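J.: Residues 1 to 175 (UniProt numbering) make up the sequence shown, in order.
The set of hints was computed from the structure by calculation and includes no laboratory data. Just so you know, these numbers come straight off a predicted model, no measurement behind them. Heads up, some of the hints might be wrong.
[Claimed, not checked] What follows is a set of in silico ranges between Cβ atoms, one per label pair, in the way DEER data are often shown: (1) GLY70 / SER155: 36 to 42 Å; (2) PHE89 / GLU20: 32 to 38 Å; (3) ARG91 / GLY147: 18 to 24 Å; (4) ARG68 / GLU162: 34 to 40 Å; (5) ASP136 / ALA158: 50 to 56 Å; (6) PRO124 / HIS64: 24 to 30 Å.
Here a beta-carbon is modelled for each residue, glycine too, at the ideal position from N, C-alpha and C.
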Amino acid sequence: MTRYQTAGHHIAGHHKASGERTRRFQDAALPCLDDAYRLAYFLLRNRTDAENAVEECYRRALHHFEGRRGGAVRPWLLSILRSVCYAQFARLAEQETPAEPGSEIPDHGEGTAIRQLVYWLPAPLREAMVMREFNDMSYREIADVVGVPPGTVMSRLAQARELLLTRWQPSDKPA
1 MTRYQTAGHH
11 IAGHHKASGE
21 RTRRFQDAAL
31 PCLDDAYRLA
41 YFLLRNRTDA
51 ENAVEECYRR
61 ALHHFEGRRG
71 GAVRPWLLSI
81 LRSVCYAQFA
91 RLAEQETPAE
101 PGSEIPDHGE
111 GTAIRQLVYW
121 LPAPLREAMV
131 MREFNDMSYR
141 EIADVVGVPP
151 GTVMSRLAQA
161 RELLLTRWQP
171 SDKPA
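With the hints as constraints, model all of the structure from the sequences given.
T.: Written out as structure tokens, the structure reads:
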């Protein structure tokens, strides 16, 4: 179990909350843990920062779990994560921390070359691409997370795909 998974389970299991509340939070939020880490890593480009962001996200989510409005948990959770990441991203930008190589991106069957290309997309395009293609989210779910209309999500995905196609250079391409 990775550090972020351990933290997610720890937060969900050892919070000073009622047993039923904790169980409901675990059932709803823990299945989203890998998606949350993947998005955090692609946004922050650093494993440790991504783990910290996921941990903070799950702390906030548990704290606000009872007060949240209905609807799917994953978009709600990733909205919290996105806020945490952008706050952390702003702090890191001031420090100008160099990015880690794309090889540390968790591989869930995606090709390494594609993951590295996505890794270098501008943030709004990158987050839309990660949520759609790697986390298998609908346009509506992404729109809910990002706070934009679904048409904007579709536009960002089209731009991202266009950039990926222009930068893609398969190794078997004739010289």
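J.: Now, for every hint given, state plainly whether the structure supports it.
T.: Tested hints:
no. : hint                        : in the structure
1   : GLY70 / SER155: 36 to 42 Å  : violated (28 Å)
2   : PHE89 / GLU20: 32 to 38 Å   : holds (36 Å)
3   : ARG91 / GLY147: 18 to 24 Å  : holds (21 Å)
4   : ARG68 / GLU162: 34 to 40 Å  : holds (36 Å)
5   : ASP136 / ALA158: 50 to 56 Å : violated (18 Å)
6   : PRO124 / HIS64: 24 to 30 Å  : holds (25 Å)
Checked against the numbered hints above, the structure breaks hints 1, 5 and satisfies the rest.
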